[in-house]
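Number of protein chains: 2
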Amino acid sequence: MAVLRPGRKTLLSPCTTKGSTAQVSYGAKVRWHRESPSPALPGDHPTLRVATGGPVRGSVGSTPKGLPLMRVLARDLSAHVGTEVTVAGWLHRRRQLKSVSFAILRDRTGLVQVVLTGPDADQLADLTEETVLQVTGIATANRQAPDGVEITAPVLTTLSESARPAPFDLYRPNVPAGLSVVLDHAGVALRHPMLRAPFEISAAAVRGFRAHLDGEGFTEIHTPKIVGTVTESGANVFALDYFGRPAYLAQSPQFYKQTMVGVFERVYEVGPVFRAEPHDTARHLAQYTSLDVEVGFITDHHDVMAILTRTLAGTLDTIAHEVPDALDRLRIALPEVPEKIPEIDFVAAQKLLAAHTDEDPRGEPDLAPAHERWLSGWAQREHGSRFLYVTGYPTIKRPFYTHPDPNNPERTRSFDLLFDGLELVTGGQRLHRHSDYLSALSKRGEDPRQYMWYLGTFAHGMPPHGGFAIGLERLTGRITGADNIRSVTLFPRDLHRLTP
Amino acid sequence: MAVLRPGRKTLLSPCTTKGSTAQVSYGAKVRWHRESPSPALPGDHPTLRVATGGPVRGSVGSTPKGLPLMRVLARDLSAHVGTEVTVAGWLHRRRQLKSVSFAILRDRTGLVQVVLTGPDADQLADLTEETVLQVTGIATANRQAPDGVEITAPVLTTLSESARPAPFDLYRPNVPAGLSVVLDHAGVALRHPMLRAPFEISAAAVRGFRAHLDGEGFTEIHTPKIVGTVTESGANVFALDYFGRPAYLAQSPQFYKQTMVGVFERVYEVGPVFRAEPHDTARHLAQYTSLDVEVGFITDHHDVMAILTRTLAGTLDTIAHEVPDALDRLRIALPEVPEKIPEIDFVAAQKLLAAHTDEDPRGEPDLAPAHERWLSGWAQREHGSRFLYVTGYPTIKRPFYTHPDPNNPERTRSFDLLFDGLELVTGGQRLHRHSDYLSALSKRGEDPRQYMWYLGTFAHGMPPHGGFAIGLERLTGRITGADNIRSVTLFPRDLHRLTP
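Chains as they are written, first to last, in our numbering: chain A, 1 to 500; chain B, 1001 to 1500.
Bound conformation, chain A alone (with noise of 0.2 Å):
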């Protein structure tokens, strides 16, 4: 994105599309969506009835006789040509030429543009960029106009008044302003078309993430972001008083979607979790929506990857259908999941670092980002897949619920999905029998009273199941190319920010 890339220099403005016409010759580039399947927008449609429960009016305005206006919205003006209609949007830019003014009307589904002749200019006079306007006029076919279609003989009648100037011109390509400016003035940054991209890409992949399950028979979950105590980690909770006792903000609904395969055998939950990360970097932020799945019956942790390939195929899809307006905008080219994503398991991928680059990490724990990055490229190259899975990555690195390879305890039926060389997603088996539990966290030297709810549920019959956890913030970011995961979070929250 712009904001993130001061040096990379792109053609590209938020007016033009891989699948828009020709320029304009006369100046305003005015679209942004192209013509795509999208839902129906009743809303958006209105007709005069102005029945409570009926199609809703979705007006902006009323006439002097109290009828509300039909609202056309950018998307849908070239079927209107020929006749008068009522657009409205955010005044995007103004242009004042000699002969001739230009209003460009923003609305969420692009940019429509308004010509000014004669006095009819000088309704822009006093017009300030960002105004909330609502204009009528007559759709009128202009063969160099974007969309065929441009608005003539305009009324604009103001619904809103801009009172202040945006921190940066909104209209400009590109985003002439670096990411704190952005991100302490979000309300308004985000209307820039780059900027709010990521977050309808972040929205469909989400859509396409739930319905994906869905159909695989899963069921939604919400999960308690209270808890009585620290698990896990330990570390990095933000404490609380809750009604005068200690309470901790929750890292994972970890031990709740374990506990609801009980209930349920498949459940997912995409939701708000907490790290008190004391660290200020491009990649750690104090709250991420997780994208949690749990499934039970699964004979080891391939079962669980077969299920995370074929959500995040359906996730990419989603995207790749539903928002490819925000995918042009970027100029991003989504990755392909291939049908079998490949795999390495984690001594293998070590060997193979020893034999071909300067280092050796055999006998190491864990993997470094630099052997992550490797690894992806040597998928890339030996597989043409830019996600590779890691598996079996030894026990004292993984949390204590991981179910070991029966073959060698010293190592785990857990998996990383690598993407692009960052690490995307963590998962595996976890233990399922009751007594499993408590040698684990004997052996860990935990006490079994700090976790006796969640042992409980062991209690009681679990079959064998594993799940995943994806951060919603982390695949935006991964998707779009992101430098820094704050440009890709909807107010973002960190060791410094606490506002807006």
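Think of the hints as simulated: they come from the structure by calculation, not from any bench. C-beta: ideal position from N, C-alpha, C; glycine also. Nothing false has been slipped in among the hints.
Not close to chain A: a few residues of chain B, all C-beta gaps over 10 Å, as computed: (1) D1345; (2) P1394; (3) L1424; (4) R1444; (5) A1469.
Label pairs and their computed distance ranges (CB to CB): (6) B:T1117 - A:D447: 47 to 53 Å; (7) A:G148 - B:K1340: 37 to 43 Å; (8) B:D1280 - A:D447: 26 to 32 Å; (9) B:H1279 - A:V230: 23 to 29 Å; (10) A:A282 - B:I1396: 43 to 49 Å; (11) B:K1443 - A:V100: 42 to 48 Å.
Partial chain B-side listing against chain A, Cβ under 10 Å, derived: (12) T1109; (13) E1130; (14) T1223; (15) D1241; (16) R1245; (17) Q1287; (18) H1460; (19) G1461; (20) P1464; (21) T1489.
Model the placement of chain B on the given structure of chain A, informed by the hints.
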């Protein structure tokens, strides 16, 4: 639900449904699903392929040769009559008679009857309820068996032991335990078909809510749950140590969803909100799931009400179509959402109460619960509707961002939606002009510096907009007729409860 209505007798067993066939002569009633359209479950019709990324094996164990077995779900068993099948699930109930024994197996789609005769019956001897089993046998037609099929000549394999008896018998048609036992042992208690039903309804409700809004062009967002300042109500917030600074858990995504109207026009969020409610009642929770909606370019609150009406209809429709047997199990008749939900003005409602009841609430700033119940009854009698909009609440009782009635600044463009006598949704139009916010705060004697970033949103041009919020647990509670909101909340948080 049985646990909440100890006094209410029902003949409903979790094993019988409207759609089920005749009672089984020899006791075990073994079905709770009914044939209804449901998504394909590719993971449950696995092949023998073991390739990662290909169709999942979905297996439940391995044969001696290491080849995974095909698992058939209870729901699909009748399609396999005459063949050898493997089912897997929990031992729901054992019945050992003189000449024949039965094992009832429970999976996420229903119950399966397994018949053990002769020496086969010995396999049941040491098994306790909730043991996780894999059963391979012949799917055998038996007209007297529910769904016309049972498993004969079975081989039982234990996948996981049940180390401890459940706190109550999960196989009893009604729940022989009180709410606190259920909540303390939620992980196992919710396996009871009656107790899990509300969460199937809840998941379907959220799915329907999102699907409807997606279809109307809304974008899903995820906003911060940790905030820097106490806003709105002020009281009842949880305080937090945020890297040494004070912070709070968000009581609502109100400010964020309004801000995002400037970016996407139409947004929704499904997420947790937190209230440090010191009240220990049947309807207060410290965390609940809020379904939040905000929409721009409206004329007034009636546009918001129209969207709410359609969203509610879509939500209930999804429940009806996707989880009919959860409804059957609880014997629930879903309410009809009329195309036009009746609407009554606040003052008119008070006049009605004064005229037809012993009380005269005229001049009071709000409706008492008893008034809401009476009005709901009136809407049912006069309009045949279980839903009623009350509009035009006094300004003094609504938050500062509520849009006043232009004809009467002491009243607002706000509404409550009553359902069966209780407030289900609150919403309305919001202020959208920067100057209006400044004077609204000033009138209430509030310091605008408390709201710095939020006010900034309105300094940059915001369209007329409004929205609403539905509490998911309250919705599920109303639909299921729950007496206590905790019974429709996964692992509730309240004044006393912080585990599980």
